[in-house]
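A.B. asks: Here's the letter readout for the chains.
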Amino acid sequence: MSDRTKVLIAVVVVLVLAAFPTWQALGAAGEAGRPDLEMPENETQCVEDTEFMTARHMELLNQWRNAVVREGDTEYTSTSGETYTMSLTGTCMDCHNNRETFCQRCHDYADVAPRCWDCHVEPGGGER
Amino acid sequence: MSEDRRTFLKEAGCAVLGLGCGLPFVRGALAITQHGSEEEAQSSSQWAMVVDLEKCLNDEVRAVSAAACHREHNVPDIPDPDDEIDWIWDEKYQDVFPDQVHEHSPAEMREMPVLVLCNHCTNPPCVRVCPTKATWKRESDGIVMMDQHRCIGCRYCMAACPYGSRSFNWRDPRAFIQRDDNGEMPSDFPTRTKGVVEKCNFCAERLREGKQPACVEAVHAVAGGEGALTFGNLADPDSEVNRILGEKHTISRRVSLGTGPNVFYVV
Amino acid sequence: MLQDAFRGGRKYWVLLGIWGALVVVGLAAYGRQLSEGLHITGMSQDVTWGLYISQFTFLVGVAASAVMVVLPYYLHNYKAFGRMVILGEGLAVSAVLMCALFILVDMGQPMRVMNVFLHPSPNSLMFWDTQVLFGYLLLNLVIGVMTFEAERKGAPPPRWVKPLIYLSIPWAISIHTVTAFLYSGLEARTFWMTAILAPRFLASAFASGPSLLILLALILRRFTRFDPGWEAIQKLATIVAYAMVVNLFFVLVELFTGIYSDMPHHLHAFEYLFVGLEGHSALVPWMWIGAVLTTVTVVCLLIPSVRRQERLLAPLCAAVILAIWIEKGLAMVVTGFIPSPLGQITEYAPTAPEIAISVGVYALGFFVLTVLYKVVVNVRERLEAT
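Chains as they are written, first to last, in numbering that gives the first Met the number 0: chain G, 0 to 127; chain S, 0 to 266; chain X, 0 to 385.
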């Protein structure tokens, strides 16, 4: 076998391996679909709008964290002019109080495992 | 490859390397110029605590203060003393104030239980040594805070603290937090996770709601506990703490070290 | 040059296999530490730094000792060190790597290590330690590669390497001084808070590092055709002798201050180490072994006729390394925490997982060292053959 052939075979093998995530999940495409999130019953308005929250809630939470822990601020004014207390447990989870049926479902779908709940508790001191 | 391209690539590589190494220095220099030295920052207010040694001789007073704090902050109750976490607890007088006892000090004085906690020093060595500013002295109120998101668990602050006020989470604390009757955790305060350091935070989260620290509130509900713990602002000339400091004989821990503790003990 | 890392006989691959196996053991233990937390070590709320940080301290010294070869060769044209310098630089690289790993395994939240770089804190000596160690690693890598490449080609290295070499000399001193400052600036720990800590660190570094270098040189002489030269080895042995004398003097000076002043603050730690304190005496046998080793090595290494015998030099160097290891890698860090700020004595002993992880880190460092030295040996042999 010439060197050229060896290199070509190696390139093909590497490409196949690199594309593993894609072809491995091909059969399961139908199952995934968008996650079914359980929305809070009493509120329809979140701190910011849905599109913002879906894409940038982590940014918002980090901003809140720095403001509360490092600056001692507690008040957040949203783009719509409403004020909220900056707290994951106290504000966010006041409405989204079931981590499993809301937060977890999207995180599982996106295959991320944020470590917030290693420390932060659900309202009422619950943990799941 | 031509010499020009090779030279360019080498120089580009060096430039990237230089930037990568140089940026922390630039940020560090900027940090110094912007904020000045951490411990020289004058706080607009400084929270302080006064502990009345005699009133705290009452076992119930001491027990109630520690229990309230630990409940308020989901502090775990770990039986192994090597891993035990305390935010406020008691030690013997001879260990808290080693410079105040001598060979002929009576045993009952030496063994006297004294409440100890983080002193939220004016010149805190723990802040000085933290490599990530996960602990720092808040300019607004003088509290030596912990940012549990940033702590890398190096424990340098624990080596630097002359008072033993800090505790490290050697394991996951959740299994050791006493649940209430519903099986829930006693408070909504975030528990910590393994691998970070924690200590008394002067109940910063209660202070911003205008409440007193949990330990102070708890002792006032106990018979004989009125005035056992007093909390206030040193920058306020009319505060109760200033009144006591001006009228009574108070001492603080290891004064000669220059840390400037803000917890005072009425002798 | 990199292909030379793969060219070796059976002994080479077996050695790498041994290091690799130990690394795997260390990794398994570390996995357990990551999931269960640091309580599986012997550390406690009173003794918050143990085996990991003490090994780090010992190895920073070994890394800094490369200056003892670089300085005479480059600054004073001491030609005899011609083939020793590359070994010194390789040892420095491997030692700094182990230092970084020991810090990493000691951290409670190692995933957040980047916070040290994202939030620079010039007030913290630990911040500066990361900077100078990283810089030193880069310096030694670049200098080592460039000078060795140049030697291989038979041409002088590029001109810009010279200023880097000159820079590496004060930089080597700085890494161990900064590490000493980590300890000596803490008012909470009277055992550490002494101005002589930095000089002590340097003296012990210049004894332990060159000793290790001598042992490695002797091993290379035995198993390969690479010979750094007997004169170079002898000169290093002389350096070790005088460094040990200075180190011993510094220790005696410290003992005097504590014992003569009779101040509990200054005395407690030495009492704990040499006679035991309040019934706690875990380190006492180690300290006396260290004292005997120090005395014997100082006396023997100062006698030229003893120093010149190869079969005596090897065990003497091993004794020096052990003595310094007891001093820095065992006694120094833990004793800073005894007694605690509240007057309690909590002793420390490393646990099995802790030792496994430490052995794993050492194995990884020696793996890298073996590969680096193999490259050097192979290239040299080819050069000599032509």
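In short, the hints are calculated from the structure, not lab data. One should not assume that every hint holds.
Said to hold, decoys possible - Here are the computed lysine to aspartate or glutamate pairs in the DMTMM-like style, where the Cα-Cα straight-line distance is at most 25 Å:
1) X/161 <-> S/94
2) S/132 <-> G/70
3) X/161 <-> S/3
4) S/9 <-> X/148
5) S/9 <-> X/383
6) S/91 <-> G/72
7) S/91 <-> S/58
8) S/132 <-> G/117
9) X/152 <-> S/58
10) S/132 <-> G/72
11) S/132 <-> G/58
12) S/210 <-> G/58
13) S/247 <-> G/121
14) S/91 <-> X/309
15) S/132 <-> X/45
16) S/91 <-> S/3
17) S/91 <-> X/150
18) S/91 <-> X/3
19) S/91 <-> X/148
20) X/234 <-> X/309
21) S/91 <-> X/35
22) X/152 <-> S/225
23) S/210 <-> G/121
As the list claims (entries may be wrong) - Where chain S lies over chain G, by a calculated footprint (3+ residues, C-beta under 8 Å):
24) 73-83
25) 108-120
Heads up, the beta-carbon is just placed ideally off N, CA and C, and yes, glycines get one too.
A.B. asks: Taking the hints in turn, state whether each one holds.
C.D. replies: Results of checking the hints against the structure:
1. For the hint linking residue 161 of chain X to residue 94 of chain S, the alpha-carbon distance of about 56 Å lies beyond 25 Å, and the restraint is violated.
2. Our distance criterion of 25 Å between C-alpha atoms is met by residue 132 of chain S and residue 70 of chain G, whose separation comes to about 13 Å.
3. Proposed proximity of residue 161 of chain X and residue 3 of chain S is supported: the alpha carbons are some 23 Å apart, at most 25 Å.
4. Only pairs whose Cα atoms come within 25 Å are accepted, and residue 9 of chain S paired with residue 148 of chain X is accepted, the gap being roughly 16 Å.
5. Restraint check for residue 9 of chain S and residue 383 of chain X: not satisfied, since their Cα atoms lie roughly 31 Å apart, outside the 25 Å limit.
6. For the proposed pair residue 91 of chain S and residue 72 of chain G, the alpha carbon gap of about 38 Å is over 25 Å, so the pair is violated.
7. Taking the CA atoms of residue 91 of chain S and residue 58 of chain S, the gap is near 13 Å; set against the 25 Å cutoff, the hint holds.
8. A distance of roughly 22 Å separates the Cα atoms of residue 132 of chain S and residue 117 of chain G; the hinted pair therefore holds under the 25 Å criterion.
9. A distance of roughly 80 Å separates the Cα atoms of residue 152 of chain X and residue 58 of chain S; the hinted pair therefore is violated under the 25 Å criterion.
10. Annotation: proposed proximity of residue 132 of chain S to residue 72 of chain G holds, straight-line Cα distance about 18 Å (limit 25 Å).
11. For the hint pairing residue 132 of chain S with residue 58 of chain G, the CA-to-CA distance comes to about 20 Å; that is within 25 Å, so the pair holds.
12. With a CA separation close to 30 Å, the supplied pair residue 210 of chain S and residue 58 of chain G exceeds the 25 Å bound.
13. For the hint pairing residue 247 of chain S with residue 121 of chain G, the CA-to-CA distance comes to about 45 Å; that exceeds 25 Å, so the pair is violated.
14. Among the hinted pairs, residue 91 of chain S with residue 309 of chain X is inconsistent with the structure: their alpha-carbon atoms are about 59 Å apart, more than 25 Å.
15. For the proposed pair residue 132 of chain S and residue 45 of chain X, the alpha carbon gap of about 23 Å is at most 25 Å, so the pair holds.
16. For the hint pairing residue 91 of chain S with residue 3 of chain S, the CA-to-CA distance comes to about 74 Å; that exceeds 25 Å, so the pair is violated.
17. About 67 Å separates the Cα atoms of residue 91 of chain S and residue 150 of chain X, which puts this hinted pair outside 25 Å; it is violated.
18. About 65 Å separates the Cα atoms of residue 91 of chain S and residue 3 of chain X, which puts this hinted pair outside 25 Å; it is violated.
19. For a cut-off of 25 Å, the pair hint linking residue 91 of chain S to residue 148 of chain X is broken: about 65 Å separates their Cα positions.
20. With a C-alpha separation of about 13 Å, the suggested pair residue 234 of chain X and residue 309 of chain X falls inside the 25 Å cut-off, and the hint holds.
21. Taking the CA atoms of residue 91 of chain S and residue 35 of chain X, the gap is about 33 Å. The hint is violated against a cut of 25 Å.
22. Of the pairs offered as hints, the one joining residue 152 of chain X and residue 225 of chain S is violated, with about 84 Å between alpha carbons and a cut-off of 25 Å exceeded.
23. Our distance criterion of 25 Å between C-alpha atoms is met by residue 210 of chain S and residue 121 of chain G, whose separation comes to about 23 Å.
24. Remark: the stretch 73-83 of chain G is not confirmed as covered by chain S, as 1 of its residues place a Cβ nearer than 8 Å to a Cβ of that chain, below the required three.
25. Under a criterion of three residues with beta carbons nearer than 8 Å to beta carbons of chain S, the stated coverage of the stretch 108-120 of chain G is upheld, 5 such residues being counted.
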